[in-house]
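Student: Residues per chain are reported as follows:
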Amino acid sequence: GEDVEQSLFLSVREGDSSVINCTYTDSSSTYLYWYKQEPGAGLQLLTYIFSNMDMKQDQRLTVLLNKKDKHLSLRIADTQTGDSAIYFCAEKVTGGFKTIFGAGTRLFVKA
Amino acid sequence: DAGVTQSPTHLIKTRGQQVTLRCSPKSGHDTVSWYQQALGQGPQFIFQYYEEEERQRGNFPDRFSGHQFPNYSSELNVNALLLGDSALYLCASSLGGTGEGYTFGSGTRLTVV
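Protein chains in written order, with the working numbering: chain A, 1 to 111; chain B, 1 to 113.
Think of the hints as simulated: they come from the structure by calculation, not from any bench. Positions of the beta carbon are idealized from the N, C-alpha and C atoms, including for glycine. Please note that the accuracy of each hint is not assured.
What the hints assert, rightly or not - No farther apart than 30 Å at their CA atoms in a straight line, the calculated lysine-lysine pairs in the DSS-like style are these:
#, chain 1, residue 1, chain 2, residue 2
1, A, K36, A, K67
2, A, K110, A, K36
3, A, K56, A, K36
4, A, K70, A, K56
5, A, K36, B, K26
6, B, K26, A, K56
What the hints assert, rightly or not - Some chain B residues near chain A, calculated using beta-carbon distances under 10 Å:
#, residue
7, G3
8, V4
9, T14
10, S27
11, T31
12, S33
13, Y35
14, G42
15, F45
16, R55
17, L82
18, C91
19, Y102
20, F104
21, G107
22, R109
Please work from the sequences and hints to get the whole structure.
Tutor: See below:
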């Protein structure tokens, strides 16, 4: 089956690191993504990782992929109040064209 | 360089009516996907258009239909509106067969009363 699961909420203090976790069920996923959604806006692609990679780093963002456990994580270093938003994990399934999204993790950053 | 443009931004319709939402993809993109996002949930895939054809459809009834034009812009049509169709409708553009992710528009907020 095709499903992406995320925890619903995460609260961190400004300056700390945030780690948002995601599990997916389709072992044949080719690409995995993290998107950010701010209030009243569409989704913004933050980063993506191809399924043959274990890690990808992009400035303050680090993505870790554990294919054996079908687990994806997004680490945000030095979290700022402007990082407060909903973060969506998503997977592009092999053999199709659609991208499937999780329900989103709402990140609260306390000053 | 304009991103994805959607119109209108907000819409209020009555049950049973029909609605058309419009999307212009990011310059250079040729593929348009439509998603429905209910409050507090993740986007749900409606369908994807490429080369003016619907090439994959999600679990949505036939009341939802679409079109893609030669300039890659797209429309989403919903007939016989139900209260449950109230949601944010998101258009996402991408380039053909690449997996490098979507560019999303800001969405159309549809309220059915």
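Student: If a hint holds in the structure, say so; if it doesn't, say that too.
Tutor: Outcome of the hint check:
no.: 1; hint: K36/A / K67/A; verdict: holds, 23 Å
no.: 2; hint: K110/A / K36/A; verdict: holds, 18 Å
no.: 3; hint: K56/A / K36/A; verdict: holds, 17 Å
no.: 4; hint: K70/A / K56/A; verdict: holds, 16 Å
no.: 5; hint: K36/A / K26/B; verdict: holds, 18 Å
no.: 6; hint: K26/B / K56/A; verdict: holds, 26 Å
no.: 7; hint: G3; verdict: holds, 9 Å
no.: 8; hint: V4; verdict: holds, 7 Å
no.: 9; hint: T14; verdict: violated, 24 Å
no.: 10; hint: S27; verdict: violated, 16 Å
no.: 11; hint: T31; verdict: holds, 8 Å
no.: 12; hint: S33; verdict: holds, 7 Å
no.: 13; hint: Y35; verdict: holds, 8 Å
no.: 14; hint: G42; verdict: holds, 4 Å
no.: 15; hint: F45; verdict: holds, 4 Å
no.: 16; hint: R55; verdict: holds, 6 Å
no.: 17; hint: L82; verdict: violated, 22 Å
no.: 18; hint: C91; verdict: holds, 8 Å
no.: 19; hint: Y102; verdict: holds, 6 Å
no.: 20; hint: F104; verdict: holds, 4 Å
no.: 21; hint: G107; verdict: holds, 5 Å
no.: 22; hint: R109; verdict: holds, 9 Å
Hints 9, 10, 17 from the list above are not met by this structure, while the remaining hints are.
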